[in-house]
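K.L.:
Please take these sequences and the hints and turn them into a complete structure.
Order-wise, the sequence lines are chains P and X. Residue numbering for the first sequence follows the working numbering, starting at 1 and increasing by one per position. Residue numbering for the second sequence follows the working numbering, starting at 1 and increasing by one per position.
Hints are computed from structural coordinates only; laboratory data are not their basis. Incorrect hints may have been included.
[As the list claims (entries may be wrong)] When the alpha-carbon atoms are kept at most 35 Å apart in a straight line, the in silico DSBU-like pairs for lysine-lysine are as follows:
1) X:50 - X:172
2) P:123 - X:543
3) P:123 - P:199
4) X:172 - P:123
5) X:50 - X:543
6) P:256 - P:123
7) X:389 - P:256
8) X:424 - X:53
9) X:424 - P:256
10) P:123 - P:98
[Stated by the list, open to error] Estimated spans, in silico, between C-beta atoms of each pair:
11) X:398 - P:250: 57 to 65 Å
12) X:143 - P:217: 27 to 35 Å
13) X:424 - P:250: 50 to 58 Å
14) P:36 - X:386: 47 to 55 Å
15) X:502 - P:121: 52 to 60 Å
16) P:263 - X:386: 29 to 37 Å
17) X:269 - P:279: 22 to 30 Å
18) P:250 - X:132: 30 to 38 Å
[Said to hold, decoys possible] Reference listing, derived: stretches of chain P covered by chain X, where coverage requires no fewer than 3 residues with Cβ under 8 Å from a Cβ of chain X:
19) 102-115
20) 118-129
21) 235-242
Please read these numbers as outputs of a predicted model, since none were measured by experiment. Every residue, glycine too, gets a C-beta built ideally from N, C-alpha and C.
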Amino acid sequence: MSGQRILVLGSEGYVGSRLVRRLAALDDVSAVGSGRSAGGGGPGYDYVRCDAARLQAVEPLWREADAVVSCVRGSNGPNGSIVRNARVLAHCLGQWPKPLVYLSSMAAYGDVEGEIDEMSPLKGDLGGYSRAKAQADRLLEAEGAAVLRPGIIYGSDGWEWSGRFARLLVSHRLGDLGAAGDGFCNLIHVDDVVSAVVKLLLEAGHHAGPYNLASSGRMTWNEYFVAFAIALGAVPVRRFGSRRLALEFFAAYPLKVADALAGCFGVDKERRLNRLSPNLIRLFGQRLLLVSNRADGLGVAWTDVGDALAASAAALQSGR
Amino acid sequence: MFVDVANLADSGDLNADVCIVGAGAAGLALALEYCGSNTSVIVLESGQFKLDKAAQSLYAGHVVDEALHSPTDRYRQRQFGGSTSTWGGRCVPFDPIDFEARDYIPHSGWPFGMEALSPHYARANRICEAGEYAYRAADCRDPFPEMIAGFDAADVITEWVERFSCPTDFGKRYARRLELADNITVVLGANVTGIMLRANGIATDALRVQTLEGAQFLVRASVFVLAAGGLENARIMLASNDVHEHGVGNANDSVGRYYMCHLAGTMGEVTIDSDRHVHHGYVITNEGIYCRRRFSLPADVQREHRVGNFVARLHHPRITDPAHRNSILSLLYFGRWFIPYEYARRLFDPAPLRLADLSRHLMNVLSDPFMAVRFSWHLARDRGLSERKFPSVVIPSKANRFSLDFHAEQVPNPDSRVTLSADKDRLGMRRLSVDWRYTDEDIATVARSFSLLAKNLSSVGSLSYDPEAVELEMTRYGAFGGHHIGTTRMGSDPKTSVVDSDCRVHGVQNLYVAGSSVFPTSSQANPTLTIVALALRLADHLKNRLALDPAS
Ligand SMILES: Cc1cc2nc3c(=O)[nH]c(=O)nc-3n(C[C@H](O)[C@H](O)[C@H](O)COP(=O)(O)OP(=O)(O)OC[C@H]3O[C@@H](n4cnc5c(N)ncnc54)[C@H](O)[C@@H]3O)c2cc1C
Chain P
1 MSGQRILVLG
11 SEGYVGSRLV
21 RRLAALDDVS
31 AVGSGRSAGG
41 GGPGYDYVRC
51 DAARLQAVEP
61 LWREADAVVS
71 CVRGSNGPNG
81 SIVRNARVLA
91 HCLGQWPKPL
101 VYLSSMAAYG
111 DVEGEIDEMS
121 PLKGDLGGYS
131 RAKAQADRLL
141 EAEGAAVLRP
151 GIIYGSDGWE
161 WSGRFARLLV
171 SHRLGDLGAA
181 GDGFCNLIHV
191 DDVVSAVVKL
201 LLEAGHHAGP
211 YNLASSGRMT
221 WNEYFVAFAI
231 ALGAVPVRRF
241 GSRRLALEFF
251 AAYPLKVADA
261 LAGCFGVDKE
271 RRLNRLSPNL
281 IRLFGQRLLL
291 VSNRADGLGV
301 AWTDVGDALA
311 ASAAALQSGR
Chain X
1 MFVDVANLAD
11 SGDLNADVCI
21 VGAGAAGLAL
31 ALEYCGSNTS
41 VIVLESGQFK
51 LDKAAQSLYA
61 GHVVDEALHS
71 PTDRYRQRQF
81 GGSTSTWGGR
91 CVPFDPIDFE
101 ARDYIPHSGW
111 PFGMEALSPH
121 YARANRICEA
131 GEYAYRAADC
141 RDPFPEMIAG
151 FDAADVITEW
161 VERFSCPTDF
171 GKRYARRLEL
181 ADNITVVLGA
191 NVTGIMLRAN
201 GIATDALRVQ
211 TLEGAQFLVR
221 ASVFVLAAGG
231 LENARIMLAS
241 NDVHEHGVGN
251 ANDSVGRYYM
261 CHLAGTMGEV
271 TIDSDRHVHH
281 GYVITNEGIY
291 CRRRFSLPAD
301 VQREHRVGNF
311 VARLHHPRIT
321 DPAHRNSILS
331 LLYFGRWFIP
341 YEYARRLFDP
351 APLRLADLSR
361 HLMNVLSDPF
371 MAVRFSWHLA
381 RDRGLSERKF
391 PSVVIPSKAN
401 RFSLDFHAEQ
411 VPNPDSRVTL
421 SADKDRLGMR
431 RLSVDWRYTD
441 EDIATVARSF
451 SLLAKNLSSV
461 GSLSYDPEAV
471 ELEMTRYGAF
481 GGHHIGTTRM
491 GSDPKTSVVD
501 SDCRVHGVQN
511 LYVAGSSVFP
521 TSSQANPTLT
531 IVALALRLAD
541 HLKNRLALDP
551 AS
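P.N.:
Take a look at the structure:
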């Protein structure tokens, strides 16, 4: 597959930006990034401004590319940009078939527990995001896309699942949650997500269908928090019970308002008061074990969680 | 999943691959091993999620010497989670010497060595929520403060620690995992009242289950595991005499014998040189686990001096004696009526209450009210409101003066035993009668260990105690409550033991026992960590057995 032109939609996001840089560094690949903002490019790859939810914007880029990856985040709802982006991609796939890797989420499975492999139905019953992802996945799987459903994407400079938790751990607002943190955390390192996409596009040959992505096995949220807190030096790790979580649960709404206000005043998200939303608290207890046998077959050497947490902690501590 | 026994009773008998009796530390650790597997498991639990008086009263029984042993419905909880709903959470593994046959400990020796349990201890530690499996001080925290600065003795060491669980109530902590497991059915309110052997007497056909409401049904399974607690396992076996007159597994009259608790008490006065720093309290590991050093006797010292396993901690003076002149201890003395029976026992002296003592305690409190208030705040914050509770009362001593709180191995003694009394509970099952006894060897273990401590502590201070009072102090509060050991002991010889090295009842193909009742010897260690480790080992055995012979 020499000289492939690979289009990365959503190349400004957490995964997309790393993916486009990785692709750009490869011989025989010409990477093209795209996003909604102006001037989002980087060294070694072209950047095109484009709204991935609009057919007119995507179509010309699609036709020029040999393969496409969508890392677009988007908004929820039946007509939100997640679903519209999926419709655009499904349309393009139908018209001009080519390899498409679509980055979805385990949220598509919805409120389920137990061992979940790719054959499990997409219930999408965990709110708007979950519904939208399930809808998008169904559309794209039917058209022959490779759909990746990663668990929790973590890594040094990830805010949502690393930086934010680091802050909560350091301020001792998070720790061992007992039964409430007994859910499986289904971690997948951001570099591993990127590697899986690259393998799918370039090495494994394009294989359609869903791929779950998680490499932390049966590790629970409690174990993740304890290990991360120790790596951060946020010790001794505290144990929280249901009383404390109930407090967080009720504080979540006022904190959400405060967060929005702080946002309006331009306060950095890293500096704002964190909250443990009810959805997050629910997630910590969800015993959903993402089974990634198909992805294991891709031959990616998954990053060791302990090593990754040490690296994240070192990066966070040095203020990077 | 959990089911209501009321609905089950109508639907007739139940079937499963594995049937576990009891949802305490042993039963739940075992059941958790099957979550999400293809093996169908039924857990029969007598109690409910919360303690129910009627269920608890099924534990009531007779005690031969009430000064020596607590009532049989104390120090045991008949509810989902079992006695872990009230345990103290102290976790300690057995030592390698505990598994050895020692010529100075009669009936000692396990059919396997420490290496058979070692692989399971680490996970047992996690299940108990006592953090990583590290019991050497240096492995828990670096640096781990010395107990007594510069103490380096030949016969007594302080490098081993005890760790503490939250203490985790297994019922609350793990209910959801079981709830989510389709292959596991937990039946609450299900009292096993009999083991029904096949006519040939060598295999279990079913268990008889009764409810307090009067319903009755049978449970059939390929294998059955009794995990009803250290006393109740024996009771169920003795009470099941339809086929074997003397009960199941009791052809050689071993069931109920060799009953051990630990030897425990507080004795002596330790004074450490004033220029030496003493740290007798807790250290918190990075994971947030409370740990504490204790004095212990290395294996070769035990062998040389022919003593059972023994540990001791620097402790505060006896609370009931106002001579300690400590406001905190006197405050605890007054607080004893609000403390659960199991934890208040040492706050009530057998001697009658004297007004003079009461007023001296009051004076103690008034002498340093600030200290008492500070302590109350610490108690409320670090114990009452904390999820991971500060494990026990630690009183600093400016004078470096302490007592010694000891916990020692009791030797197996066939005459220390539980039997069935003539009384029956409301389900028609004969109640237990407990005749706990101690021997001269037990007194010798404590006496010799104290003399070793006295000799070794002389390099950093002194230990004074009355050697004549050892027996009195060792039995002042009777047998150590909550540790019920040995009543269905493990061994290779069916003549002197009840279960084999796989915990299978000798002579019964498909009946197993889990819990401290199978321990042939008691160690110095509190039992629960080893109960859990053994349950995990049993789970492995049963998985292999069912895999090799699915039809068994
Ligand atoms: C106050 C106290 C403090 C303790 N502190 C410590 C400590 O610090 N460290 C330590 O290691 N250990 C401690 N223990 C001991 C610890 O609680 C026990 O070792 C442990 O709970 C035993 O587990 P088990 O599963 O064998 O029995 P249990 O926990 O007693 O569980 C037995 C279960 O079987 C059920 N059951 C009984 N009979 C029947 C029947 N006929 N049918 C159906 N179900 C039945 C009961 O309801 C119960 O749920 C303490 C105990 C007490 C009481």
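K.L.:
Please go over all the hints and tell whether each is borne out by the structure.
P.N.:
Outcome of the hint check:
no., hint, verdict
1, X:50 - X:172, "holds (10 Å)"
2, P:123 - X:543, "holds (34 Å)"
3, P:123 - P:199, "holds (28 Å)"
4, X:172 - P:123, "holds (29 Å)"
5, X:50 - X:543, "holds (31 Å)"
6, P:256 - P:123, "holds (27 Å)"
7, X:389 - P:256, "holds (32 Å)"
8, X:424 - X:53, "holds (17 Å)"
9, X:424 - P:256, "violated (61 Å)"
10, P:123 - P:98, "holds (28 Å)"
11, X:398 - P:250: 57 to 65 Å, "violated (45 Å)"
12, X:143 - P:217: 27 to 35 Å, "holds (34 Å)"
13, X:424 - P:250: 50 to 58 Å, "holds (51 Å)"
14, P:36 - X:386: 47 to 55 Å, "holds (48 Å)"
15, X:502 - P:121: 52 to 60 Å, "violated (42 Å)"
16, P:263 - X:386: 29 to 37 Å, "holds (35 Å)"
17, X:269 - P:279: 22 to 30 Å, "violated (59 Å)"
18, P:250 - X:132: 30 to 38 Å, "holds (34 Å)"
19, 102-115, "holds (count 3)"
20, 118-129, "violated (count 0)"
21, 235-242, "holds (count 7)"
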